[in-house]
Amino acid sequence: MTAETATDATIAYPPRRRGGGRVVRTTLRYALLTFCSAVILFPLYITVVNSLLPVSKIAGRPPTFVPVEPQWSNYADAWNQGSLGRAITVSVVMSMLIVAGQVLTSLLAGYAFAFLAFPLKRTIFVIFLATMMIPFEVIFVSNRQVMSDIPVLGINLYDTYAALALPFLATGFGAFLLRQAFLTVPSDLRDAARLDGFGHLRFLFRIALPLVRPTLAALVVFSFLSAWAQYLWPLVITGEGHETVQLALANLKNRNISTVNVTFAATVIATLPLAALLIVFQKQLVRGLTAGAVKG
Amino acid sequence: MNARLARTVALGAALALSIAACSGNSDESSGGGGRVPSELPECPLAALESATKPVALKMWHSFPEENLKALQALADSFNASQSDIVVSLEQQAKYDDTLTKLTSGLSTGDLPGLAVLEDTATQTMIDSRAVLPAQSCVDATDYPIDDVIARVREYYTVDGVLWPMPFNTSNPIMYFNKDMFTKAGLDPEKPPTTFAELKSAAEKLKAVVPTPIALKLDPWYLEQWLAVDNEPYVNNDNGRSKPATEVEFNNDSGIEIFSFLDELHDAGLLQTYPRDGFDNLLAMGQLQAAISFDTSAAIGTAVTAIEGGLFPDFQLSYLGATPLPKPDADSDGGTFIAGGALYIVSGSNSNPVPPEVQAAAWTFATYLNEPVNQAQFAGRSGYIPITEAAANEPITQQTWSTYPFYKVAYDQVTTGPESTATAGPVMGNFAEQRKVIIAQMQSMFSQGKEPATAVADAATESNQILRDYNASFGR
Amino acid sequence: MTAPLDAPVGLAAGSPPRRRRSRRVSEAALGYAFVLPALVIFGSFVYFPFAKTIRQSFYRSNPFDPSQETFAGTDIYEQVLDPAGMGRAVASFGLPVGVVAGLLLTVVAIGILRLTARAITRSTWLRTGAWCIGVAIVVASVCKYSGIGVEPTTTTRFANSLGVTLQFVLMTVPTGLVLGIGLAVLAHTQCKGIGIYRTIFSSTVVSSVAVTSVIFFTLLNPIIGLIPYWLGIEGEGPILTNPTWALPAVAIASIWQSLGLSFIVMSAGLQSVPDDLLEAASVDGAGSIRRFWSVTLPMLSPTVFFAAVVGLIFAFQTFGQIDILTQGGPNYRTDVIVYAIKSTAVTQSPNYGAAAVMAIALFVITLGVTAMQLKFVERRVSYDR
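Protein chains in written order, with the numbering used here: chain D, 1 to 296; chain C, 1001 to 1475; chain E, 2001 to 2385.
No lab work stands behind these hints, which were simulated from the structure alone.
All of these numbers come straight from a predicted model, not from anything done at the bench.
Do not rely on the hints blindly, as some may be mistaken.
Claimed, not checked - Anything over 10 Å on all C-beta distances counts as not near chain C; from chain D, calculated:
(1) SER37
(2) GLY85
(3) GLY239
(4) VAL268
(5) ALA276
(6) VAL280
What the hints assert, rightly or not - These stretches of chain E come out as covered by chain C in the derived footprint (C-beta under 8 Å, 3 or more residues):
(7) 2061–2068
(8) 2345–2355
We put the CB at the ideal spot given by N, CA and C, even for glycine.
One chain only, chain D, in its complex shape:
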């Protein structure tokens, strides 16, 4: 599986029909498209709008849909009340740690499974894949106990970056993905490299890695998205010190019973960076999300 999305030229679109019926169909299609877009976009749209309104306008009827005098102070309030600066830092650091960990371990493991021979390789591969069958929600309670009192070392990692990142530094899915990607490296390249006296490490980082860059990028995006959106684990393993953006948002919503505009501003702040990132890395996102779903 090459994990490349087909270009427009090779996509099979339904054959165009000729005739007057086409105008009707096209209009219908556009109407439906617009309607669906409105419905889907509405919650995000109203969030942005409400983040710029005073509470009285939000509660006022009929509702306001366009902020005439945007109240930008809501954003400052959100930033301060939710300590969003710190929360974003925590989330960024945690996510980067997780992404780095997953990329590194998946890269190495994927290469090993694809190119290296070692005893028990098959068994170890199964061990990797089996982790995908144990959802985190099943083991989070025990993980919490382990974090508070690491066996052998006896240290308490509650409310630390280590606790946030450690359980997710490796992923069976990532190893599987990278292995598949490495397997598509043409064997003549390997032979040429061997003839040139390339050891495995050099081959990996000089030749193989650049070739699997698309898959790696997909993994990065997918990994980052999951890490950023995490809710359950940060909830049970952090206290005041390492509140992530998602937790800060939830706490803000609980505290601000009346000032919902501030909560909405916080929501926008929490989402914007991600939205920007995803727009830029759209292709990688699609690859990452569809990896395994579609052949070819």
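We have chain D; now place chains C and E onto it with these hints.
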């Protein structure tokens, strides 16, 4: 692939299981049997003397707005008055959250020195072995604990040991709208004193307001009215001579209470409101209800709201408060106290709280209970001044004479007999058990369940909760 | 194309014996070094906690000092899973849920039986034996726990949360799939400006669980929310504390959030439908609807199936929305399995044994669903790798 997968998983699981089994600590729990340490731990005042000052004391509480301000003022004045201890307050969302965090903190190390916990936490805190009983320091310093009014003392004393220092004590009372009473032809100075009188008053009030009674879906109706009937809620002397193992409300008194509420509901005299918040009192303020039951600690918020003009049609003179009506005229018990109390946290084996911090907690707790400070805190909030000295303070006396409804809760807990019933129930996982009561009440109201069945089901589920709780301590 | 794991790969093939052996040793060492980091993580934070969870499910622990524990055998399983009450509870949610639960249980049981039988041995005799034992256990359990003739008791929390989760899954997974397919088909065209629409359809992927829940919490607020306003029920009880509508409301929030992902996956799937097939169908006179049902949908089926299984697994793991929107209420009506686990283990008086049992049950369910995928996907769908 499937076979290999399964085989590897099986092998791996067996391996890991044996590792985990070896690492698991199989202490057959012997410690869970005796509930109270045979000898009280020492009050670590000496540690405070010799510690490097200032000692930092973290206090967890869940007081909102007005009460928070009052507490903060006291903390500030304490910090200003001496340099050995510095108190910092950390606000939690509600009582439940404080206790949950405390329990977690025993493993994670995130612990305060002093925590304001709900009245129902008593058994849980005893079993946690994570608090220093106030009795230790009361004994060590000869603290005049007898100044504290009887029912408050008795509520928090289990098997002869006072566990927390009482602080913010309240009591549920009946709020009513005097103006609506007059309009309905009732005497506003003679509000109902029994269930029967309440029902007939409500029927008359129907002429003035469609659903006269705003019933918050609170769990304490069964608890308190059983106590008013002088009946215990759980066995083993209301859980005070030994840990409670069964509930005792599945009897005529309990069924009578639930039936009465159901009757009011079926007759359209009653509208339910959620447990969180004060929507029921808001409804009264907006003239959608004439009567409601709630904690006395809400008076302060209500008065502030009324005087602040939040309810243009509700004048302060309309606000009436009276003790809870009795189920029958011959009910010879009384209500037990509610609210919260101050627990000195000692931590767990893996995460102990330093002794000087515990001593600091005791010191601050006694400061909070000095008559002037008690009076100031209780003052306009609706909490009850828990010592006679505090009750006699000028602030209190003045508040009572200007706003008589503040005195209702105090009178309610200082009149009547002292018995096991009025001491109040002590049981493990009380908060969980209360959810059962609320659920059964909801079934009764919205799904037409028979009151007798609701009470019986509540008893069955409550007993299961108690069994589970006790089993987890090996008893 | 899957290279068999055993094939001589790497750079050692085709050189003199001694160099080959030492190369092989160093290659093996390198191989172990490369997989070691991940293995350490897996061992410490996946398999060890998993074993711990299994072990915990057999012990009653002191809520404040979990190291103090008493062995309880299968007592906690019986108590938490409450097989007798389970049937009644699940059935009380209505016939569809009951039927689905029954089917799910059967599939899970079959899946596990198959895996176990095949794993134990290749011998047909022994496999048949294992099957018989398995079936006997199932039948005996059903007889013992079917609750026939047993006094009804109130439902345990797990039975309730299983029912709630099943309801939730039924509400969100099929809807999400259908809407995803619909949107993908709608946008699967070369009309002008379709890129904008595609971006909008994918836009909900930027919204995390917490973000979605916070947005919908306010949208559903009884006093200032727009949804009650449009539905004309402003001022009446809040939707999120309404016993009938709380779960559907959460479901809608979940569906909205998953639309973006569903659309992306289905669009990618549509792109792989070969155009000659569609061309041929069109030439044969098939209308667009007919083309959709006979050509597009069957070709899309692997994607749909994959999305269904993944969606199913994730739906069973729902947590964030519940925590932010309803906290399991009102009256445990939105108390999904993961929320039940969390509130049993992180609370005033944690019951670690019960939480562990519920976690294991969740694992078994996930396993069953995955086994189902392995079984059906490998049979029906053709991948040529």
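Cross-check of the supplied hints:
Even its closest Cβ contact with chain C, about 37 Å, leaves SER37 of chain D beyond 10 Å, as expected for a residue assigned away from the interface. With a minimum CB-CB distance of about 21 Å to chain C, GLY85 of chain D clears the 10 Å threshold, and the non-interface call stands. Distance check on GLY239 of chain D: its Cβ comes as close as 5 Å (rounded) to a Cβ of chain C, failing to clear the 10 Å threshold; non-interface status is violated. Interface exclusion of VAL268 of chain D from chain C stands, the closest Cβ pair being 24 Å apart, more than 10 Å.
At roughly 33 Å, the least C-beta separation between ALA276 of chain D and chain C is larger than 10 Å, which holds for a residue marked as non-interface. The beta carbon of VAL280 of chain D sits about 38 Å from the closest Cβ of chain C, which is more than 10 Å, so the claim that it is off the interface holds. As drawn, the region 2061–2068 of chain E meets chain C at 8 residues by the rule of a beta-carbon pair under 8 Å; at three or more, the given contact holds. Check result for the region 2345–2355 of chain E against chain C: holds, 8 residues qualifying (beta carbon to beta carbon below 8 Å, three or more required).
Consistency note: the structure conflicts with earlier hint 3 alone.
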